[in-house]
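K.L.:
full-length UniProt numbering puts the sequence shown at residues 1 to 526.
Rather than coming from a laboratory, the hints here were simulated on the basis of the structure.
Glycine included, each C-beta is placed from N, C-alpha and C at the ideal position.
A few of these clues could be false.
[Stated by the list, open to error] Taking CB as the label site, the calculated pair distances span:
(1) Leu-465 with Lys-372: 16 to 22 Å
(2) Ser-336 with Trp-496: 24 to 30 Å
(3) Trp-496 with Asn-83: 25 to 31 Å
(4) Lys-372 with Glu-200: 45 to 51 Å
(5) Leu-465 with Lys-388: 39 to 45 Å
(6) Gln-455 with Glu-200: 40 to 46 Å
[What the hints assert, rightly or not] Here are the simulated DSS-like cross-link-like pairs (lysine-lysine), alpha carbons at most 30 Å apart as the crow flies:
(7) Lys-485 with Lys-198
(8) Lys-372 with Lys-388
(9) Lys-156 with Lys-208
(10) Lys-255 with Lys-69
(11) Lys-241 with Lys-335
(12) Lys-335 with Lys-305
(13) Lys-335 with Lys-420
(14) Lys-69 with Lys-146
(15) Lys-462 with Lys-335
(16) Lys-150 with Lys-238
(17) Lys-69 with Lys-241
(18) Lys-146 with Lys-368
(19) Lys-485 with Lys-418
(20) Lys-241 with Lys-462
(21) Lys-418 with Lys-255
(22) Lys-372 with Lys-146
(23) Lys-255 with Lys-388
(24) Lys-238 with Lys-314
(25) Lys-146 with Lys-241
(26) Lys-368 with Lys-264
(27) Lys-462 with Lys-390
(28) Lys-368 with Lys-418
(29) Lys-208 with Lys-420
(30) Lys-332 with Lys-314
(31) Lys-314 with Lys-335
(32) Lys-420 with Lys-150
(33) Lys-420 with Lys-372
(34) Lys-198 with Lys-255
(35) Lys-255 with Lys-146
(36) Lys-146 with Lys-420
(37) Lys-264 with Lys-335
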Amino acid sequence: MKENKATGIFFTLFLCYTCMKLILCFPNFQSSLQSLNLQGHFTFENNEFASIDFGNQFHYLPSAVLYPKNVSDIASTIRHVWNLGPASGLTVAARGHGHSFQGQAQAAQGIVVNMESLSGQQMQVHMGEYPYVDVSGGELWINVLKECLKYGVAPKSWTDYLHLSVGGTLSNAGISGQAFRHGPQISNVRQLQVVTGKGEVVICSEEKNADLFHGVLGGLGQFGIITRARISLEPAPKMVKWIRVVYSDFSTFAKDQEYLISSKNTFDYIEGLVMINKTNLVNYWRSSFNPEDPVQASQFVSDGKTLFCLELTKNFDPHLQQDDIIANNIDKEIKSLLSQLSYIPSTLFVTEVSYVEFLDRVHAAELKLRSKGLWDLPHPWLNLLVPKSKIQTFAQNVFGHILTNTNHGPVLVYPVNKSKWDNRTSFVTPDEDIFYLVAFLQHAVPSTTENDGLQYLLNLNKRILEYCEEANLGVKQYLPYYTTKEEWRAHFGTRWEVFVQRKLAYDPLAILAPGQRIFQKAISVL
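Model the full assembly from the supplied sequences, consistent with the hints where possible.
P.N.:
Quick look at the structure:
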């Protein structure tokens, strides 16, 4: 606790120092920004929204917000900051839909680029043997889905929540239950348009400017702002069979998941969840379990127990289902796959929903939670990547001892195949062929009790991280949050020097993405 307070005081003093430099050295920076020849515009007041994100824990107010109409507006702004030099203290952060957790899309006393202002740019779907869509970096994935479905196609890989910007998820990774087959979203990109920290607009791909292309993907916004992306597509299904089964033993649960992601004939989506002493299904926002349904409630309330739920889907086309033979074959295929699993037979639940309804399932729950005032709460999320060889030890200690309930939000745990990830990107994974995503997606309800509230959940996250470190599990953070360069260096490991060299090449003044707290402007990145 003292360490966290000291870190906070240091960062606050640094911000005050930066702000004073800005005021003393560049008192007319506002007029200098207004003098830029832009199609869009800046705002300098009422920008409180840009100091708020989904995590709702850090709130750093920018000096200006840019509403760009085109890529040139972004490039001109960054180039202007670049020309001012390191003494200005100005930094620039790209903000998509504001779904970051620890202020990563904020820029204290700097400039926030509202990327959604670019979302009106036309999407272009290209059909053919290898279809793709060209889309603005500020566009939301839900809009990409709806546009692509007009042509009967869709992106291959998703996140669980679709109301996120394209540039935002590609700057991280973009992981969901399709990643075991298609890899994360960053493995399904053909080309990017990027504005670097020098204000240069660069088209990059595996064939052209490949170092920047790979660096930006999973690069946490450190090397450039993604302004346009070319995303690979595949034929889209109309409907999905949505299946849920429950386990009481983690070893069996994990073994079945590993079997499914390694099988040639398998499901189209595979994710697991942990339920410990779970009594409040209303907070189970990630899925569409209906707490008013007594049958479902009796299956998924885990009061006094630890249970593991496996979610699966199988895509199908209802027009083809008119053929009884095809329909029977699909049902037989699902039955055959399920027969290889060792779940509790009485917990099998199967339903049919549209492809869009399944992919957008979290948004439906979001609307309900918003109506109850339960969405805009602090979200101290913790996302970990755990090597397969350590997942049993991790589960035994974290799910068996440290975590006492999952009533603060869902806890995901599912494996992915490293062969589907490109190690040339900036994203860091454990060094094993299979690793697990373990996501603690918690929210803090205001409370007066010791075992609730934001500080309780932050302490819980700290305990989990300290255990992983002490047990030497080789865990990596997804959507990482660190406060010192030493921690970042340890996170990247042997890839740290490559990360630094890319920073020197594409953003040497450390103008971009200050909220990640990896590099500081006017201070050597080395």
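K.L.:
Now tell me, hint by hint, if it's right for this structure.
P.N.:
So, going through the hints one by one against the coordinates:
1. Leu-465 with Lys-372: 16 to 22 Å: Between Leu-465 and Lys-372, where Cβ atoms are some 31 Å apart, the hint is violated.
2. Ser-336 with Trp-496: 24 to 30 Å: violated, 47 Å
3. Trp-496 with Asn-83: 25 to 31 Å: About 29 Å separates the Cβ atoms of Trp-496 and Asn-83, which means 25 to 31 Å holds.
4. Lys-372 with Glu-200: 45 to 51 Å: holds, 47 Å
5. Leu-465 with Lys-388: 39 to 45 Å: About 20 Å separates the Cβ atoms of Leu-465 and Lys-388, which means 39 to 45 Å is violated.
6. Gln-455 with Glu-200: 40 to 46 Å: Between Gln-455 and Glu-200, where Cβ atoms are some 44 Å apart, the hint holds.
7. Lys-485 with Lys-198: holds, 23 Å
8. Lys-372 with Lys-388: Between Lys-372 and Lys-388 the Cα gap is close to 39 Å, so the pair fails against 30 Å, i.e. violated.
9. Lys-156 with Lys-208: holds, 23 Å
10. Lys-255 with Lys-69: With Cα atoms ~50 Å apart, Lys-255 and Lys-69 exceed 30 Å; violated.
11. Lys-241 with Lys-335: Distance ~12 Å between Lys-241 and Lys-335 Cα, so the pair holds.
12. Lys-335 with Lys-305: holds, 28 Å
13. Lys-335 with Lys-420: holds, 27 Å
14. Lys-69 with Lys-146: holds, 23 Å
15. Lys-462 with Lys-335: violated, 42 Å
16. Lys-150 with Lys-238: holds, 12 Å
17. Lys-69 with Lys-241: violated, 41 Å
18. Lys-146 with Lys-368: With a Cα-Cα distance of about 22 Å, the restraint between Lys-146 and Lys-368 holds, given a limit of 30 Å.
19. Lys-485 with Lys-418: holds, 27 Å
20. Lys-241 with Lys-462: Roughly 38 Å separates the two Cα atoms, so the pair is violated.
21. Lys-418 with Lys-255: Roughly 17 Å between the alpha carbons, so the hint for Lys-418 and Lys-255 holds.
22. Lys-372 with Lys-146: Status holds; Cα separation ~28 Å.
23. Lys-255 with Lys-388: With a Cα-Cα distance of about 10 Å, the restraint between Lys-255 and Lys-388 holds, given a limit of 30 Å.
24. Lys-238 with Lys-314: holds, 11 Å
25. Lys-146 with Lys-241: With a Cα-Cα distance of about 20 Å, the restraint between Lys-146 and Lys-241 holds, given a limit of 30 Å.
26. Lys-368 with Lys-264: With a Cα-Cα distance of about 38 Å, the restraint between Lys-368 and Lys-264 is violated, given a limit of 30 Å.
27. Lys-462 with Lys-390: holds, 19 Å
28. Lys-368 with Lys-418: Violated: Lys-368 and Lys-418 sit about 36 Å apart, past 30 Å.
29. Lys-208 with Lys-420: holds, 22 Å
30. Lys-332 with Lys-314: holds, 12 Å
31. Lys-314 with Lys-335: OK: Lys-314 and Lys-335 at ~11 Å, within 30 Å.
32. Lys-420 with Lys-150: holds, 28 Å
33. Lys-420 with Lys-372: With Cα atoms ~40 Å apart, Lys-420 and Lys-372 exceed 30 Å; violated.
34. Lys-198 with Lys-255: Judged against 30 Å, a Cα distance of about 49 Å means the pair is violated.
35. Lys-255 with Lys-146: violated, 36 Å
36. Lys-146 with Lys-420: holds, 26 Å
37. Lys-264 with Lys-335: Holds, at roughly 16 Å.
The structure is inconsistent with the numbered hints 1, 2, 5, 8, 10, 15, 17, 20, 26, 28, 33, 34 and 35, although it conforms to all the rest.
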